[in-house]
Amino acid sequence: MSIQQPPDNGAENSKSPVNIEAVTPSNEAQTKKQPPPEKPSDVRRRSHIILSFWLIVLCLGLPIWWKTTTIYRADLPLQEMLDWSDGKACRPVFPLRISIQANALQEQEAQNLLRLTQHALDDLNDFSGHHLRLQLAPPSATEHHDRDSVLTIRLVPGDTTTAKFDPHEPVLDITYPPNGIPSPTSSSSPLATYVASQLRSTFAEEQATISYLLSTNSIPSDHRPQGLPSDVSDSLSKRTTRSLKYSPTYHLTFSLFTSGSLPSSWDIDGAIGEYMKPVLDVLSPIHNFTIDTQVQLYATPGVQNQVLNKEDLSSFINAAEWPLSPSIGGAPTVNFIVFVGNQTIAAPSQTPGDSDTLGPASHSWLIPQWGTVYLLPLADDTAHLPAEALKQPLLTFTSHLLSLTGTPQSGSLPLRLSTLSRIRSADLLLRASSTLGSLARLALALPSISIPSRVADGVSKTMHHLRLACETLGGPEGLAHARIAEAEAERAFFEKSMVGQLYFPDEHKIAVYLPLLGPVAVPLVMGLLNELKAWRKRRREAAEAGREKKRE
Amino acid sequence: MRQFLSLLWLSLFSFSIFASAADYHEQLNLRPLPLSSLLASFNFRSNTTLDDFDKGNFRFFPRSLAQILQHAGTRELHLRFSLGRWDAETWGARPWDGAREGGTGVELWAWLEADTDEEADHKWLTLTNALSGLFCASLNFIDGTRTTRPVMSFQPEGDHSTVTNMHLLYGVLPHEVVCTENLTPFLKLLPCKGKAGIATLLDGHKLFDASWQSMAIDIRPICPPGGECVLQIEQTIDMVLDIDRSKRPRDNPIPRPPPGDQLPCDTSKPYNSHDTCFPADHTNQEWTLSQIFGKTVKGTCPLADSTIPPVCIQVPDSRSVFVSKDVHEKKNPDGLSRCFDIAPSTELEMMLPRLDEGASTTTDIVTPETPLLYAERSFTGHGQERGGVQTILRNPSPDTAVEFIYMESLPWFMRIYLHTMEARVAGHSHANKSLIQQVYYRPALDRARATQLEVRMRVPPASTVFLTYDFEKSILRYTEYPPDANRGFDVAAAVITILDPQPETIGSHGGGAAKSARRFAAYTLRTTSLLCSLPTPDFSMPYNVIIFTSTAIALTFGGMFNILVRRFVAADEGPEAGLAVVLGRLKGRLRGMLKR
Amino acid sequence: MPRLLASALQLRRDPRILKLPPYVSLLCILVGVAWLFLLPLDQYSRRTYISENALLPGQVHTYFGGSDQNVFRAYKHEVNELAGKSNTDVNDKLEPIVKGLGLKTARQNFTYHAAGHTYSGENLYAILQAPRGDATEAIVLVAAWENVKHEINRNGIPLALTLLRYFKRWSLWSKDIILLITPDSIAGPQAWVDAYHDAHDPSRVSSLPLKSGLLQGAIAIDYTQETRFESVHIVYDGVNGQLPNLDLINSIVNIAGGQMGIGVALQEMWHHDNGYPDRLRTMLRGMLKQGLGLASGAHSSFIPYHVDAVTLRPFGDGWQDEMAMGRVVEGSFRSLNNLLEHLHQSFFFYLLMQRERFVSIGTYLPSAMLVAANFTIMAIALWVKTGQPAEGAAPKTKTETNTTTTTTTTTAERDLFLPLGVVALIQSLSIIPLYLFNHAPESTLTTLFIAFTALNTLLPQVLSHLLTTLPTTPTTPHQFNLIKSFSLLLLGMFLSTLATLNFSLALITGLLASPLSFLQPCQTRAGKVAATALLNAVSPTAVLLAGAAYWGTDVTSVLKEAAVAWQVCGTYSPVVVWCVWWPAWVAGGVVVLGGRPGTPRGVGNKEKMG
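Chains B, D and U supply the protein sequences, listed in that same order.
Just so it is clear: in the first sequence, position 230 is 230 by this note's numbering, and no numbers are missing.
Whatever position you read off the second sequence (first residue = 1), add 552 for this note's numbering.
Whatever position you read off the third sequence (first residue = 1), add 1148 for this note's numbering.
These are calculated hints, taken from the structure and not from any lab test.
Since the model is a prediction, treat every value here as computed from it, not as a measurement.
Idealized CB from N, CA, C, for every residue including glycine.
Warning: the hint list may mix true and false statements.
What the hints assert, rightly or not - Quick list of in silico lysine-lysine cross-link-like pairs, BS3-like style, CA-CA up to 25 angstroms:
#	chain 1	residue 1	chain 2	residue 2
1	D	K675	B	K496
2	D	K799	U	K1252
3	D	K758	D	K799
4	D	K821	U	K1252
5	B	K391	D	K607
6	U	K1297	D	K821
7	B	K310	B	K277
8	D	K821	U	K1167
9	B	K277	D	K607
Stated by the list, open to error - Chain D stretches covered by chain B per the calculated footprint, using a threshold of three residues with CB under 8 angstroms from any CB of chain B:
#	region
10	607 to 618
11	675 to 686
12	742 to 750
13	1088 to 1099
14	1103 to 1116
Produce the complete structure using the sequences and hints provided.
See below:
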């Protein structure tokens, strides 16, 4: 832009390329000239321009900038999640209904007995989260027990008071001497206390386990069990560490390893069908299993020496050589290995906890959360392993499988399994809610992390199912809900796009923004200020003019 | 060569027909090649009945692989690890008619059972991820941009008469460096591991010192007529060893110059003397198995089918081969190959003595058979903007034309101009339209899909054809460059499938199916892969660029804004300015300072 | 902000500013030259260093030697027998030997026509395929049958053969190794590289039947010396002054010096005490070579294709034998073989002043830019000046008190047609010498040159005479100023652009043309004569003669060299000389001689008034 001096004589006036507002000859005399007054239209135009610029910046620029640079954070019900993790939201209670079949007794006798036993139980019980409700089964009820109660007590008149479990059903048969029936008036009876103590001892382990789980998780102490004996708790912790993480399905892999070329085949199908299937069938409501088998020749163990002591056992599996790759697709693999070899295991120092780490013949040992190895000594020329040769190994595997799935030891099998389902659901429930809690804490801790909507609905699903699980604890559907909740919680927590966030520190942002925003902002602001100043000036002048008018 | 192949095929077919007879079979074929190199092709084949496969009882079939197949719904799988290049001019036709080799790097194609393409893609993803874990190869990098769905080049080898909805997916990683960590899992799949049988010869150092080597895994269902269907896994390792290099002791692999007196000299030269020696290299020379492979064959794998001789060698009967005792030799009727039966627990050592002088070089090895087609691919042009690809296809046969399918799967950042694709016979300046018979072209999508180009063409007898096309190099995003961007980007090998001139009627089942696949591809070969250099930025620049541009924008904006909102007045009307004024102002300021 | 703007605009009008430009531009030139002479000092130059970590120069032990010497002797016998034979005979003899090494061989014919001669021949090349490698990358080993001085490469070719035989035994090569044997050192490699990148003209250069991957580097052996040598001479200048990546040179220096204890020389500085004068001399020689832009060896033609290449040439009288040379090459090849990426880390624009000292473009570019800038400054100054009223046209207002305002407020019309026309005419004329000297056969070159020189001296006179005595409107000095302004503007523009491509050429041209910016239209006859003398002293032709005389050759061979370089390698120095420098010179001449007697100078008497 060239600024052109006004010509000082008419001759050159025409020649000057740029001509501007005409200059009156009057102010030619004075040295400093004033620019002629601007047209109001120009003034208005200028203010419009500035205004429009500001409008664009404020209404278009800033929103776009904001929209494009903010990180999407779906809003999570943080408080609720924290409540769940603190156990405020759900109070895990296991109402166990136990029906008593006393067909030999009259109605009121039975009622009386029931009342007394219940009293005795309530006196014994100290853990509010887990209490037994007795009920009287209608005499018309058939022999075997009904589904919705966890245990049925059959009271049968006999000569002495004895108690024994039915091997196939959750039924406790108690015989009582004829004089054992409490009189309606008496406030206590030996039979009642006996039954109560029986029940208590039956459910002691389950109670202990659940209370242990609760205590390990952050459950407020109001309904936490007081004082577990230390030895019980650490034996429990041992067992929980040993047992596999819960999953609806497990892959069972049976492998025959031999250091030589023989035997190269085995009748594993028959053996499994014969020795293991029953247990698997019983377990099926809680887990389902897929099975595959393999034969591996020329497999050298990690430890060569003849007698294996405790530390050899851990390194016996030759992970580099043996093809024991975990199966793909979610479910964990339980490995059962028959190793053909005549190594023996040095008798380890028996500690109370790991009584079952070693198989009966001490031919086998259990590897926590992984599986079992069984050493099978064979003659060198056996080319084929028949099913019966596999009986002992498979029985060991079965027992180990139970402890790997975390089944309690005591009680009859059906009872143990129902207990297992309860323990599992409690476990899952607690795990899911603690996951929720950590997710909430994470979201609070990292304000810059992005939270996609998938996480949000994952969380909502989790909580929905948690609520359902909480209501139906102890039942099979409770387990199902807890399972879903746990899976959803995991998925929400390990959302990929949440973890993978680009690190972009603030000083870099400044370095990028400053050269752009600084120079842009300065003229804008200056223009605005000038405009305001000019506007105020004009108003003052207008006021002055008005006053002068008045004066005249 | 043909005899060699016929032998192989014979064993293969006999096997695939009487599949249930033997479940495991292994064989090693040795073939001396010109210029003192040796082709060793190992072949292991085992199978399991589909019933056992579904039940999950595995004896010979590797469980780890089977699980993957089941999980990814894979019906047929072909996996190749290759390194180096086959020197067709010197070594002649490829082993197995090229059916058991892939382009440099890793190549994978599989028939997946899926209802929709999306499902197929998803299964393919699981398959590649699982395989990459199993073989310690970065197969998981075979993503959508490297996957194509060939339509003409491949046909299933197995029998899939029962299955209808099969999807063929093909992925390749040209940059993958095949190495020992890929061999170990490969050996783990074998029933006898590397511990017995011919597999004992396989050793990482030797294998990856080879001039050319290719590991192949083929899994296909086979239904022999009458017998029950079996799933067959065939593992093949072919390698060409340089005898001189391999004979070097392991402890001292450095090729120090030999002492002067041990140097083979051409004594016919007049100036030949104790300190002057015209080298006489690459004469036929003696070698033993233990020299070449560093060890001997330790017995046989007890599981292997004993009717098939584990080791064969292709030398003319005129040449004598010494083997260790109680190994007995079976000469083939054709007089060009012989096989050896080994007792289960004996070690096989083999020695080829040096031919006495005077024996012509033609008798010491079986002269390799010329392949049906020679192919060579290279880039044309230079610069960062665009380039071209030129493939030279030479048909050696004097009388028969060769018809084949030429397949390229190019990365998306090579944008090819299809209209520039032309084929011309050497010697003619103009393109010959009749050579290209059919073109299947699936254009790339940026960052999503690779270019797929399949050309069905023929080369007239005894002539050379140039297939050329141009492409444009696109600029990648800043984050899309690999750490070694200046190395360039590998372009996968082109696959050339030569169609069998007289296709048989495809047998409905059994070995027929396998045969039919063979018949479909009479010969397969792959070109070398290419290195395409893209324009690469200076990676230290982004912030500077951002800052510069934003400054420029800001300044232009400022100028424009000022012009819009300023009012222009005459200089003497505006506020005082000029040099004098500036000086005056400075003076005043100074004075003010001095006053204080 | 507006204040400053206005005051700056005011300053523009200040008469004192208008007197500055000549001094400023003079200052530019002086500073530019002084800058150049500062570079060799330790404060301004830097020690070389290897920035590509993958190279690991000298980290490997080299085993070449021992019985390979016997083989080498044998091959040397073979080569010696071939001395004097025709190119095809040589190839017929060599090809079986190379084939015997187990390499793939191929041949390539080429024919070039330049300066009335035809340069034709047949390249023989062989590819050692990397074991386990895939034909994606390659390194080239060039052994020309004749070097640039047309001496037979008696040791180089046997050495190359022996090396290839030795390399064949290694299994560690990750890149193919190409052995290229060319009949000469300029045309042969050029033809081969062009064909390799498909940038060749099929009618003259046949395409390659056999190819490998991307070329990652090339090393040429020029080993004619029969006696044992002392150190190695690295020739690194490419065509048009392009240079290989500094890392390549550094690693060879490192390998030769660090490992083998072999000295390294650059730019024919056979003895180099690391002092200022030697450094300066090395640098200046380097710049001269760069400026001429001729191919300096078999490696030169690789560099335009971004293939880093050097020629190694043993010299001096020492105790190093062929095997030592072989180990140097082996070491370099091992380093190149280590490369994961194309050489890109280190500098491509640098001036070496000793084997371990260099200056990078950032440091030296300003000098050339300053020299180029002086033309632009003068051009702008002239433009502004022509904006002032010419003498007499300025209004004399007696009553006016402050003269500054009057003189500065008036403007004069510039009529641009004539000056632009003249400049355009001269520029277009420049095509003629370019064409003539590049296409005339050698025999006619001398006469042609003489004729051209004669015309050249006359041309300015004639033009200026025509212009001053135009029938319609005789040209005013102020138009001459415009002519000068335009031509200088062009010159400055060209040179500053060129400085980024070929620094030395830009600098040299700039210095030679610098007088043009100070020549004023002179009035007195004596002045004219003096000016003409000076002018012709710095005319392109005169400089050409002087240069030829200095190097003891005749102009013809120089011209022939230029023509060959232009035809074969595409050297663009002739373009710069004839189409950038020469027009500016002619324009300058016209301006000088154009001044009419008696016309006082434009700037002069404004001072009188002030």
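Outcome of the hint check:
1. D:K675 / B:K496: Roughly 20 angstroms separates the two Cα atoms, so the pair holds.
2. D:K799 / U:K1252: 24 angstroms, holds
3. D:K758 / D:K799: With a Cα-Cα distance of about 10 angstroms, the restraint between D:K758 and D:K799 holds, given a limit of 25 angstroms.
4. D:K821 / U:K1252: Status holds; Cα separation ~24 angstroms.
5. B:K391 / D:K607: Holds, because 21 angstroms separates the two Cα atoms, which is no more than 25 angstroms.
6. U:K1297 / D:K821: Outside the cut-off at roughly 32 angstroms; violated.
7. B:K310 / B:K277: Roughly 31 angstroms separates the two Cα atoms, so the pair is violated.
8. D:K821 / U:K1167: Cα-Cα ~84 angstroms, so violated.
9. B:K277 / D:K607: Given pair B:K277, D:K607 holds - Cα atoms ~15 angstroms apart, limit 25 angstroms.
10. 607 to 618: holds (count 9)
11. 675 to 686: Contact hint for the region 675 to 686 of chain D vs chain B: holds, 4 residues under 8 angstroms.
12. 742 to 750: holds (count 5)
13. 1088 to 1099: Since three or more residues must qualify, the claim that chain B covers the region 1088 to 1099 of chain D holds, with 3 doing so at under 8 angstroms.
14. 1103 to 1116: holds (count 10)
Of the numbered hints listed earlier, those contradicted by the structure are 6, 7, 8.
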